[in-house]
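A.B. asks: Sequence:
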Amino acid sequence: MDDFDLADLIRMNQLVRGRIDYKGFCTWYEALPPEQRRGLTGLLLEFAHQAGVTEQLWNEALMASGLTESDGVVQRLWIARKADNTGLALHKFIWALPATELPTLFRVAVYLFGIAEGNVFRNEVKEHCNHWWHRDLMDKRVVQDLLNDSQYYSTAMRNDDRIRNRG
Numbered sequence: 098m099d100d101f102d103l104a105d106l107i108r109m110n111q112l113v114r115g116r117i118d119y120k121g122f123c124t125w126y127e128a129l130p131p132e133q134r135r136g137l138t139g140l141l142l143e144f145a146h147q148a149g150v151t152e153q154l155w156n157e158a159l160m161a162s163g164l165t166e167s168d169g170v171v172q173r174l175w176i177a178r179k180a181d182n183t184g185l186a187l188h189k190f191i192w193a194l195p196a197t198e199l200p201t202l203f204r205v206a207v208y209l210f211g212i213a214e215g216n217v218f219r220n221e222v223k224e225h226c227n228h229w230w231h232r233d234l235m236d237k238r239v240v241q242d243l244l245n246d247s248q249y250y251s252t253a254m255r256n257d258d259r260i261r262n263r264g
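Start counting at 1 in the sequence shown, then tack on 97, and there's your number in this note's numbering.
The hints are simulated quantities; they were obtained by calculation from the structure and are not laboratory data. None of these values were measured; they are calculated from a predicted model. Please note: incorrect hints may appear among the correct ones.
Straight-line distance between alpha carbons at most 25 angstroms, and here's what the computed DMTMM-like set of lysine to aspartate or glutamate pairs gives [what the hints assert, rightly or not]:
1) K189 / D168
2) K120 / D168
3) K237 / D257
Distance windows between CB atoms, simulated [as the list claims (entries may be wrong)]:
4) N216 / P130: 41 to 49 angstroms
5) D100 / Y250: 15 to 23 angstroms
6) D258 / D181: 41 to 49 angstroms
7) V222 / A128: 16 to 24 angstroms
8) V217 / T197: 26 to 34 angstroms
9) K189 / V222: 32 to 40 angstroms
10) Q133 / E224: 34 to 42 angstroms
Beta carbons: idealized from backbone N, C-alpha and C, even for Gly.
Please construct the entire structure, taking both the sequences and the accompanying hints into account.
C.D. replies: As structure tokens, this is what we get:
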């Protein structure tokens, strides 16, 4: 994650807010050097799993991505996901995958993250949400507030009203 900063994490969440902007992810991905492409793919998978990837969500993501269970990359990703709970097997899989297969993995990662995070976000309520990434990232004032706050990680949805009421 060292190659990605707060602005990148905001962008990642903006691209799945309300819909999955696969084209936007692809534009970002294609502008990155090869190692950062792997890093972005890994972050998407890590964040998807933190949000909760169930078997039902897995199937939904495959359907949305246009990929099938018979795809070799999909099969190997499934095995790596199930190998351990630490994410180490998944990390090794990402970094060992041939560059020619990385775009397929990236596609799965985008949809896994988009659907998993979307499910969590839809169920959040301002009074109980403690995640900075669930703030109104589509509001430029909120984004600027996050970028200017060295303790952004301790902010949440409830902070957005203060930003909007500044006038």
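A.B. asks: If a hint holds in the structure, say so; if it doesn't, say that too.
C.D. replies: We went through each hint and held it up to the structure:
no., hint, verdict
1, K189 / D168, "holds, 19 angstroms"
2, K120 / D168, "holds, 21 angstroms"
3, K237 / D257, "holds, 11 angstroms"
4, N216 / P130: 41 to 49 angstroms, "violated, 32 angstroms"
5, D100 / Y250: 15 to 23 angstroms, "holds, 19 angstroms"
6, D258 / D181: 41 to 49 angstroms, "holds, 42 angstroms"
7, V222 / A128: 16 to 24 angstroms, "violated, 36 angstroms"
8, V217 / T197: 26 to 34 angstroms, "holds, 33 angstroms"
9, K189 / V222: 32 to 40 angstroms, "holds, 38 angstroms"
10, Q133 / E224: 34 to 42 angstroms, "holds, 37 angstroms"
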